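In my numbering, the protein residues as written are 12 to 308.
It should be emphasised that the hints constitute simulated quantities derived from the structure, not laboratory data.
Any given hint could be a false lead.
What follows is a list of derived Cβ distance ranges for each label pair [said to hold, decoys possible]:
#: 1; residue 1: Ser186; residue 2: Asn137; range: 50 to 58 Å
#: 2; residue 1: Thr165; residue 2: Val85; range: 20 to 28 Å
#: 3; residue 1: Thr187; residue 2: Ala166; range: 31 to 39 Å
#: 4; residue 1: Leu251; residue 2: Asp194; range: 42 to 50 Å
#: 5; residue 1: Asn124; residue 2: Lys172; range: 36 to 44 Å
#: 6; residue 1: Asp123; residue 2: Asn170; range: 26 to 34 Å
#: 7; residue 1: Asn137; residue 2: Asp194; range: 23 to 31 Å
#: 8; residue 1: Thr238; residue 2: Thr79; range: 38 to 46 Å
Keep in mind it's a predicted model, so treat the numbers as computed, not measured.
All C-beta atoms, glycine included, are put in the ideal place defined by N, C-alpha and C.
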Amino acid sequence: GYTTVEEYEPDQVELFLANDKTAFTQGVHKCLETIAFPNGEIRTVETTKTRFMYDEESFIVGICVDLTEQQHLVQQFEAKQNELSQFADLATHDMRKPLNNIHQLVDYIIEDNEMNFDNTTHSQLNEIQSRCRSMSTFLSDMYEYAQIGQEKVTATTFNPKSLVAEMAYLFDIPSTMRLTVSDIEVTLPQVPVKMILLQLLTNAVNHYGASTGTITVDVDIVKHGVTMRVTDSGQGMNDLLQKNAFELFNHANRNKHVKGSGKGLPMVKKLIEQYRGKVTLTSRLNEGTAVTVFWPN
12 GYTTVEEYEP DQVELFLAND KTAFTQGVHK CLETIAFPNG EIRTVETTKT
62 RFMYDEESFI VGICVDLTEQ QHLVQQFEAK QNELSQFADL ATHDMRKPLN
112 NIHQLVDYII EDNEMNFDNT THSQLNEIQS RCRSMSTFLS DMYEYAQIGQ
162 EKVTATTFNP KSLVAEMAYL FDIPSTMRLT VSDIEVTLPQ VPVKMILLQL
212 LTNAVNHYGA STGTITVDVD IVKHGVTMRV TDSGQGMNDL LQKNAFELFN
262 HANRNKHVKG SGKGLPMVKK LIEQYRGKVT LTSRLNEGTA VTVFWPN
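Based on the provided sequences and hints, a complete structural model is requested.
Given below as structure tokens:
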């Protein structure tokens, strides 16, 4: 008879048997290997070799697990992550440049015509510049969000009330609608929190069904984490909408006059699950909706 190693070159055989020698010496050896088989096929395997005694002689038993497909999926995932990062980088750069140009153009307009403008015009031009700065900051946040899964997002201490106030222009709440937010300090990854609150508040405003009413953001520190609940007293959701609420781009029974593409809640669910948290929804037609997000410690 013959063994598999007889089909390899002597230097390859020595490498192949090196792990056997380690297993005999130390009792066990475990490694991840990429092996070219005699038929030309290349496979990635995890091999564990363990020494045992039989009839006062030492032997080793080897267990080989084929991880080729698993490694291929990991490589595909890493490639997609890199593509997302590159896209976010490009999009952020391409969008920030015109914003900076607008900001600079307003500077020139103010500089050349300052004496001719009344207070209202000055205020409006300053507001344009303020929106440009805020959007530039938001683009930076979006870029950081695209990196989630590649780099750990550091938790910081902040006040959700201040955070919501900073991004209020993004969800464009009517002046006739009342928004209340808990005044409390929490320590969480701020960018994902901002993204989630933005989606939930945008949904609450767009699907309220009226220009007046109340939206509440309740933040509580609980035993194992932090809960954030966004509640509105708007038109609510029927059973079908609730059932499909977390499906991407769901338009079932959606009012054609309502803004949005249906990505809000699915995006919230995907993001919070990356942090081992969960999101739940309760709603009653014509009475309102509450979405609760739990952030674990």
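Right, here's what the structure says about each hint:
1. Ser186 to Asn137: 50 to 58 Å: For Asn137 against Ser186, whose Cβ atoms are near 19 Å apart, the range 50 to 58 Å is violated.
2. Thr165 to Val85: 20 to 28 Å: holds, 25 Å
3. Thr187 to Ala166: 31 to 39 Å: holds, 36 Å
4. Leu251 to Asp194: 42 to 50 Å: Cβ of Leu251 to Cβ of Asp194: about 37 Å, so the range 42 to 50 Å is violated.
5. Asn124 to Lys172: 36 to 44 Å: holds, 38 Å
6. Asp123 to Asn170: 26 to 34 Å: Taking Cβ atoms as reference, Asp123 and Asn170 lie about 40 Å apart, which means the hint is violated.
7. Asn137 to Asp194: 23 to 31 Å: With a Cβ separation near 28 Å, Asn137 and Asp194 satisfy 23 to 31 Å, so the hint holds.
8. Thr238 to Thr79: 38 to 46 Å: holds, 43 Å
In terms of the numbered hints stated before, the structure departs from hints 1, 4 and 6, listed from lowest to highest.
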